[in-house]
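Below are the chains, spelled out letter by letter.
Number of protein chains: 2
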Amino acid sequence: MKNLILAADVGGTTCKLGIFDNHLDRLAKWSIQTDVSDPTGVVLLKTIYSAFVQKLNELNLKMEDVIGLGVGVPGPVDFETGIVHGAVNLNWPGDVNIREILSQFVNFPIYVDNDANAAALGEKHKGAGHNADDVVAITLGTGVGGGIISNGKLVHGHNGSGAEIGHFRVDFDQRFACNCGKYGCLETVASATGVVNLVKFYHPKLTIKSSILELIKEDRVTAKDVFDASKKGDLFCLFITERVANYIAYACSIISVMSNPKYIILGGGMSEAGDILIENIKTEYRNLTFTPAQNGTEIVKAQLGNDAGIAGAAGLIKTYVIDEERVE
Amino acid sequence: MKNLILAADVGGTTCKLGIFDNHLDRLAKWSIQTDVSDPTGVVLLKTIYSAFVQKLNELNLKMEDVIGLGVGVPGPVDFETGIVHGAVNLNWPGDVNIREILSQFVNFPIYVDNDANAAALGEKHKGAGHNADDVVAITLGTGVGGGIISNGKLVHGHNGSGAEIGHFRVDFDQRFACNCGKYGCLETVASATGVVNLVKFYHPKLTIKSSILELIKEDRVTAKDVFDASKKGDLFCLFITERVANYIAYACSIISVMSNPKYIILGGGMSEAGDILIENIKTEYRNLTFTPAQNGTEIVKAQLGNDAGIAGAAGLIKTYVIDEERVE
Chain A
1 MKNLILAADV GGTTCKLGIF DNHLDRLAKW SIQTDVSDPT GVVLLKTIYS AFVQKLNELN
61 LKMEDVIGLG VGVPGPVDFE TGIVHGAVNL NWPGDVNIRE ILSQFVNFPI YVDNDANAAA
121 LGEKHKGAGH NADDVVAITL GTGVGGGIIS NGKLVHGHNG SGAEIGHFRV DFDQRFACNC
181 GKYGCLETVA SATGVVNLVK FYHPKLTIKS SILELIKEDR VTAKDVFDAS KKGDLFCLFI
241 TERVANYIAY ACSIISVMSN PKYIILGGGM SEAGDILIEN IKTEYRNLTF TPAQNGTEIV
301 KAQLGNDAGI AGAAGLIKTY VIDEERVE
Chain B
1 MKNLILAADV GGTTCKLGIF DNHLDRLAKW SIQTDVSDPT GVVLLKTIYS AFVQKLNELN
61 LKMEDVIGLG VGVPGPVDFE TGIVHGAVNL NWPGDVNIRE ILSQFVNFPI YVDNDANAAA
121 LGEKHKGAGH NADDVVAITL GTGVGGGIIS NGKLVHGHNG SGAEIGHFRV DFDQRFACNC
181 GKYGCLETVA SATGVVNLVK FYHPKLTIKS SILELIKEDR VTAKDVFDAS KKGDLFCLFI
241 TERVANYIAY ACSIISVMSN PKYIILGGGM SEAGDILIEN IKTEYRNLTF TPAQNGTEIV
301 KAQLGNDAGI AGAAGLIKTY VIDEERVE
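First to last, the protein sequences are chains A and B. For what it's worth, UniProt numbering labels the leading residue of the first sequence as 1, then goes sequentially. For what it's worth, UniProt numbering labels the leading residue of the second sequence as 1, then goes sequentially.
Heads up, some of the hints might be wrong.
Quick list of in silico lysine to aspartate or glutamate cross-link-like pairs, EDC-like style, CA-CA up to 20 Å [what the hints assert, rightly or not]:
#1 A:Lys153 x B:Glu80
#2 A:Lys301 x A:Glu324
#3 B:Lys200 x B:Glu242
#4 B:Lys231 x B:Asp173
#5 A:Lys153 x B:Glu325
#6 B:Lys209 x B:Asp225
#7 A:Lys62 x A:Glu328
#8 A:Lys2 x A:Glu325
#9 B:Lys153 x A:Glu58
#10 A:Lys153 x B:Asp133
#11 B:Lys46 x B:Asp25
#12 B:Lys153 x A:Asp38
#13 B:Lys153 x A:Glu325
#14 B:Lys182 x A:Glu284
#15 B:Lys262 x A:Asp78
#16 B:Lys262 x A:Glu80
#17 A:Lys231 x A:Glu298
#18 B:Lys153 x A:Glu324
#19 A:Lys55 x A:Asp25
#20 B:Lys153 x A:Glu284
#21 A:Lys153 x A:Asp38
#22 B:Lys231 x B:Glu242
#23 A:Lys153 x B:Asp173
#24 B:Lys153 x B:Glu284
#25 B:Lys301 x B:Glu272
#26 B:Lys55 x B:Asp38
#27 A:Lys182 x B:Glu284
#28 A:Lys153 x B:Asp323
Worth flagging that the hints you see were computed from the coordinates, not collected in a lab.
The task is simple: from the sequences and hints, build the whole structure.
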C-alpha cells in the first residue's frame, strides 16, 4: 500500500527535504545545498530527485510506495500547472515548469506552491492550526506574507494573488514606498523593515528619550532592538511597538470578516518578539473586530518555525491527493 | 433520473420559490406571502413545502425526481447544520432548524444559507460571475453585505461570519456608529445609509452650492438623490459620490489581495446608481490595488437583481450535491 509523501522546501541557500507518512508524521528530514547554477531549474530539481532516491534507499523505503511529492518554492506559482513564474533567489529568471520537469523522473502526483502558502498549510496540519478547516497564517519577516485556508483548501484566487496580505494600503498618509510599487502597504509599517520605517519617521518628531538613540543615529537599528527595548520599558519603543501591533491587528480584523478563520497564526522573525507584540495585537484586535467574527477566533504564534515549509509541502499531497481520494 | 432542484428565497414579506433543472436552468418561478405568525418557523416551512407539491403537480413533475432543496434566509445560518440563529424579519426570535423541519416532509438533501451568500452563489452560477471559481459579491443596500466564493465554494468561516464585508473599520475618525455596535465600519460610509451619513457630515462644512440643499434641510435626502444630482453635475454630490466610491474601492482592493477573485460583483440598490459610482470605484481600485492582484480582475454590476437569491438557493444544491456527486 502506498503510504509515503515526499516534501521539498526549496530556498535560496538550502533545500529542506522530508519524507512523511500518509498521516503527515515525519520519517526523515535533511537538507541539501541549493544549486543555483542552472537558470532552467533542471539541475536543481534533478539533484532533489536524486537526494530522495538515496534517502529512500538508506531507509529501506520504496519509491513505488510514494503517494506524491509536494514542493514549496520562493516565487509566484500557478498552482494548477505547477509552473513558477521566476524565482529571484534561485536564479530562475523565467518560468520553470516544476511539475513537468520532475514528472520525467517519477510517475506520482506533484503539487507545487509558493513557500508562504506551503508554510500556512504546514501550520494548519501539524502546527498552531490544529487541523481546523479555516486558518490564516501571516508571516511577519522582512516583508509580510501569508496563506489563507478556507474550507480546508488554500485560497489561490484566479491568478495566484490570494493571501498577498502584505499589500493593501493601511497607511493612508502613504509615507513609505513598498517594493510592490505602491505606497502605504501593510508591509511598509508591519514588517521588520516597517518597524525601522516607523522608527525613522517618528524619532525626529518625539522628544521622548530612548535607549536605542545611538542605534538610530548610526542607522543600524533593527526591529529586534525595538522590541527588546520595549520589553525593558523604553517609552519610544513601546510607542512604535503599539503602532506596529495596531496595523497587524487591523489586518487581523479584516481577515476575520473576510475568511473568519478559527486561528490567525503569526509567524516569521517578528513573531519572536513575544508577548510585547502579540498582546498589543490582541487588545486592538478585540477593539476593532466585528463581534460575531471575533468569537472563537484565536490569534496564536506559529509553532513549526522553519519546519512549516516542508510540513506544508507534504500537506499539499495530504490535502489535494489523499483527502481527495486521488491516491492511485 | 433525478434532475430537479427546488429553491426558496425566504424574505420578510414574500418567499420567492423556484424549480430548476440540474444545469440550473429555471423551469418555474413564483412567490407566496411570508407567514410570520409562527415564531418556530414550522408553519412557514410547511407552507413552502405545500407550495412546491402543488407547483410540481401543476407542471407534471415528480417529487421523486428532486435532487435537493436549497433555502436562503435573512439571518445568520450555521451552514453545517442548517440552523438559522434567529431572523428578525421572519419573526423568528430563536434558533430554527430549517433542515430538520423540512426533512419531516421530504427525504432529499436540504441546504440552507443566509440570503447574502445565496445571492453571491446565484450571481456566480447564472449571473455576472460567469461560473468562475473565485467570485466575490458585495451588496450595497441599506447595509453592506456580501458573499465570497473561493475554489468554487462559499467561504463561511469557522462560525459563519465569513464575508461580513460591511463590518471592518474604514473610517478611522469613527464618525458614525454602526448597527453592529462598533464605529467606522464600511457600512457606515458605503451603504445607502452611509451616503446620507456623509451628506449630513460634510454639508455644514462645505460652501459648495447644491441642488439637494432643500432635501438635506428637510432631512429626507436619500442616496438616490445624491447619485441623481451627481449625474447632473452637482459638485457637492460628486464630492460625496467620490468619497463613497473610494471606500468601496478600498474594500475591493483588500478583497483582491485576500481572495483574488476573477469578478467583484456589485449589487443591491446602490449599484443602480450606474456609471457615476462604478467608474469612480474602478479608478480608485486601479490606483489602490497591488498590481498582480488586480490583473484580470473585473469589477462588474450584478445581473440577476432580485432573482439572485433563488438562483443561489438552487446553486447550493448544484454546488454541494450535484458537483460533489452526492446525488442519490
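Checklist entry - Okay, which hints does this one fail, numbers in order? => result 2, 4, 9, 11, 12, 17, 20, 21, 23, 24, 26
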